[in-house]
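K.L.:
These protein sequences, in sequence, are chains A and B. Here numbering that gives the first Met the number 0 is used: the first residue of the first sequence is 0, the next is one more, and so on. Here numbering that gives the first Met the number 0 is used: the first residue of the second sequence is 0, the next is one more, and so on.
In short, the hints are calculated from the structure, not lab data. Quick caveat: nothing in here was measured; it's all calculated off a predicted structure. Glycine included, each C-beta is placed from N, C-alpha and C at the ideal position. Please note that the accuracy of each hint is not assured.
What follows is a list of derived Cβ distance ranges for each label pair [said to hold, decoys possible]:
no.	chain 1	residue 1	chain 2	residue 2	range
1	A	Val235	B	Glu124	30 to 36 Å
2	B	Gly66	A	Asp96	43 to 49 Å
3	B	Ala233	A	Gly227	51 to 57 Å
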Amino acid sequence: MSQALAAIFAPGFFTSQIVAVAATVSAVAAVVCGTVGVFTVIRGQSFAGEALGDISTTGASGAFLLAVGPLWGIGVATVAAAGVMELIGIQRPRGRDLATGIVLGAGLGLAALFLYLESVDHNTTGATVTIVFGSMFGIPSSAIPPVLAFSALALCLVVALGRPLLLSSVSPELAAARGIPVRLIGVGYLLALAIAVALAAYTIGTILSTALLVGPAATALRLTRSPGRAIVVATVIGIAATWLGILLAYDSYDWPPVGQGWPVSFFVVTLIFGGYLLAGLPRRLRRRATRPDQAGAPARG
Amino acid sequence: MSGAPILAVDQVSVNLAGREILRDVSFAIEPGEFTGLIGANGAGKTTLFRVILGLQAAAHGTVRVGGAPRSRRNPLIGYVPQKFQLDPDVPLRTRDLVGLGLDAHRYGIAIPTRARRARVEEMLEAVDAGGFADTRVGTLSGGEQQRVLIAHALIAAPKLLLLDEPLANLDLRSGQEVVALLARIASEQQIAVLISAHEMNPLLPVIDRIVYLAAGRAASGTADEVVRTSVLSALYGHHVDVLQVHGRVLVVAGQGGELADTSDHAHTQTQVEIIS
Chain A
0 MSQALAAIFA
10 PGFFTSQIVA
20 VAATVSAVAA
30 VVCGTVGVFT
40 VIRGQSFAGE
50 ALGDISTTGA
60 SGAFLLAVGP
70 LWGIGVATVA
80 AAGVMELIGI
90 QRPRGRDLAT
100 GIVLGAGLGL
110 AALFLYLESV
120 DHNTTGATVT
130 IVFGSMFGIP
140 SSAIPPVLAF
150 SALALCLVVA
160 LGRPLLLSSV
170 SPELAAARGI
180 PVRLIGVGYL
190 LALAIAVALA
200 AYTIGTILST
210 ALLVGPAATA
220 LRLTRSPGRA
230 IVVATVIGIA
240 ATWLGILLAY
250 DSYDWPPVGQ
260 GWPVSFFVVT
270 LIFGGYLLAG
280 LPRRLRRRAT
290 RPDQAGAPAR
300 G
Chain B
0 MSGAPILAVD
10 QVSVNLAGRE
20 ILRDVSFAIE
30 PGEFTGLIGA
40 NGAGKTTLFR
50 VILGLQAAAH
60 GTVRVGGAPR
70 SRRNPLIGYV
80 PQKFQLDPDV
90 PLRTRDLVGL
100 GLDAHRYGIA
110 IPTRARRARV
120 EEMLEAVDAG
130 GFADTRVGTL
140 SGGEQQRVLI
150 AHALIAAPKL
160 LLLDEPLANL
170 DLRSGQEVVA
180 LLARIASEQQ
190 IAVLISAHEM
200 NPLLPVIDRI
210 VYLAAGRAAS
220 GTADEVVRTS
230 VLSALYGHHV
240 DVLQVHGRVL
250 VVAGQGGELA
260 DTSDHAHTQT
270 QVEIIS
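Could you put together the complete structure from these sequences and hints?
P.N.:
Structure, rendered in structure tokens:
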């Protein structure tokens, strides 16, 4: 029994401070991403989430050059980018992809410059890999307080916006007719999105951040019918994927090439994707068994 | 005050992008009255709704709701939009959307109290939506969605219910069900209903009054007063024939080149009301 456990949890896993910090930060990021991500998917703003993640590369590399913590650079970049997207008109249906695309291009241009300067400076590409693909085992314990503060801010924002946010995400027409300030609600949501993406980017890497934001939420949408439950399920999936990813990465130090360890982000992202595919299975099987009944109102209940 | 109209539209004109959409539109709706807002596509029905809801400013004229000037968020008005599309995977059950009708304007998340649940349940029964209360709204049929949207609007206990083309995307039977439901609610709960449509025949059996929109202007009264050759000809600005065929009304407003002047979307169907 203990041998089997030892095979799963390699020695030192539960006592490692590096693992504990990674598990804490990733769990907090998963909670925020699960909550915000459900709205992102409902609002069809996954592209904006992806773009904010890519742009956080600029913030992280800028922070590297200035020798400040990457979390701050990432946070400033995503919030600023979200602000510019809002100004260009991300809330107009036609303006959405346009605003996102323009800001994305400009942001990545800067990232190219910063990463180039960085590689000239240090003569390595290590920083680039760390920023873009994340390094959960490299997160210092001093990052926990700001991570918690950012998370609390984003969660409070979503809870406070609550019902008006849900209705304006589902139907802007209905919300506007009830006097809900749809645009203002959208700005508040965009701020929460920027923070969620910053946390995801800090945890699993800037270009992989979208996986943690959208993946668990999209999976939850396949499994649940109500918004509250979708958020809970997305959160649980996010935590499960990151923790399992951390465990596998820790164990992978014993895999070839021995002593190197595989990237945590690879495991996390792969697990999230696998979960999404798995979640589609029951519905597919059910559909095969019980269709066709799409329009049958009286048949239900 | 009991005799005061719930809705009074007085000489309202609206210009959009330099075009005159509505000109001197006036009519009033009494409490509990069922009114049809009839007009071709592009006649200004949706614009008129937006003015009543306070989402569109009028160039001049006034709108009074319940005797007071209309405000941005008016709890006296319930609204069912024409455009409502929800992907089937959006996690929002029928009961969630109806519940949002109760308190979506309040910040924070809903506290699931027994009273709230009972109110939602009661509303679901009132529109015969109990059978799909726990189904995602996005997977419902058009007729079912209309009923859910009506429940969403009614649960806040409005005195005036606006419905923008609720029959446009429904088959004949679902449309009849929705109309019967609305007529029942209007008389039972004394809620005034203003329903827009480009086809008046499905509504004629139940409506008390008609507001007929054409060329940006309106004529109102009972169906017999409004839907006649003299009134509609004056409204369109050219000769119009009103024909009775097997108890149905046909308005033949087409007149060669002038067709295009009265409507941007010169579908013959919008000019000649064809029996479905």
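K.L.:
Confirm or reject each hint.
P.N.:
Hints versus structure:
Distance hint check for Val235(A) and Glu124(B): the Cβ-Cβ separation is about 34 Å, which falls inside the suggested range of 30 to 36 Å. Here the CB-CB span from Gly66(B) to Asp96(A) is close to 46 Å, well matched to the stated 43 to 49 Å. For Ala233(B) paired with Gly227(A), a C-beta distance near 56 Å keeps the hint of 51 to 57 Å intact.
The structure agrees with every numbered hint stated previously.
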